[in-house]
Amino acid sequence: MRFFQWEVFGFFFVFFLGALLHTVYEWSDGNPIVGASTSVNESIWEHLTMVFLPGVVLLVLEVIFCKEIRIPTLILGKTLGTYIMRSTILEGFYLYTLFIHH
Numbered sequence: 001m002r003f004f005q006w007e008v009f010g011f012f013f014v015f016f017l018g019a020l021l022h023t024v025y026e027w028s029d030g031n032p033i034v035g036a037s038t039s040v041n042e043s044i045w046e047h048l049t050m051v052f053l054p055g056v057v058l059l060v061l062e063v064i065f066c067k068e069i070r071i072p073t074l075i076l077g078k079t080l081g082t083y084i085m086r087s088t089i090l091e092g093f094y095l096y097t098l099f100i101h102h
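Oh and the sequence shown: position 22 is 22 in our numbering, straight run, nothing missing.
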């Protein structure tokens with residue numbers, strides 16, 4: 001797969017794996033090992049793990065399978081992307097609570 005295809009795949013991968021991680025803790029009957037890497041409650045801080053873990057998994061997959069991009073460049077890009085995703089979640093939540101949620 002070409003790098004652009006990996007990025008399109010990665011968008012959906014992070015989205016769907018993050019959504020799956022939202023409910024894995026409940027499915028595991030409160031397993032503390034599962035709780036270390038998934039959302040345990042509905043706090044905004046717990047939701048940040050829902051993009052971090054899939055982003056790291058995607059980075060590992062791209063390092064293994066996407067040889068056309070240098071590894072330091074890939075790591076830098078994925079790190080910045082992870083910061084942007086997490087910042088977007090925080091900004092969206094706090095703007096929502098500021099303007100909509102009374």
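Misleading hints may appear alongside valid ones.
Label-pair distances were calculated between CB atoms; the ranges are [said to hold, decoys possible]:
1) PHE65 <-> GLU26: 25 to 35 Å
2) PHE3 <-> ASP29: 14 to 24 Å
3) LEU76 <-> GLY30: 33 to 43 Å
4) THR97 <-> ALA19: 31 to 41 Å
5) GLU46 <-> THR79: 38 to 48 Å
6) ILE33 <-> PHE99: 20 to 30 Å
7) ILE100 <-> PHE3: 19 to 29 Å
8) PRO72 <-> THR23: 12 to 22 Å
9) PHE99 <-> ARG70: 19 to 29 Å
10) PHE9 <-> PHE52: 36 to 46 Å
To be clear, the hints were calculated from the coordinates, so they are not data collected in a lab.
Think of the CB as a built atom: it goes at the ideal place given N, C-alpha and C, for glycine as much as any other residue.
Hint-by-hint comparison with the structure:
no.: 1; hint: PHE65 <-> GLU26: 25 to 35 Å; in the structure: holds, 32 Å
no.: 2; hint: PHE3 <-> ASP29: 14 to 24 Å; in the structure: violated, 40 Å
no.: 3; hint: LEU76 <-> GLY30: 33 to 43 Å; in the structure: holds, 37 Å
no.: 4; hint: THR97 <-> ALA19: 31 to 41 Å; in the structure: violated, 21 Å
no.: 5; hint: GLU46 <-> THR79: 38 to 48 Å; in the structure: violated, 21 Å
no.: 6; hint: ILE33 <-> PHE99: 20 to 30 Å; in the structure: violated, 38 Å
no.: 7; hint: ILE100 <-> PHE3: 19 to 29 Å; in the structure: violated, 38 Å
no.: 8; hint: PRO72 <-> THR23: 12 to 22 Å; in the structure: violated, 36 Å
no.: 9; hint: PHE99 <-> ARG70: 19 to 29 Å; in the structure: violated, 42 Å
no.: 10; hint: PHE9 <-> PHE52: 36 to 46 Å; in the structure: violated, 18 Å
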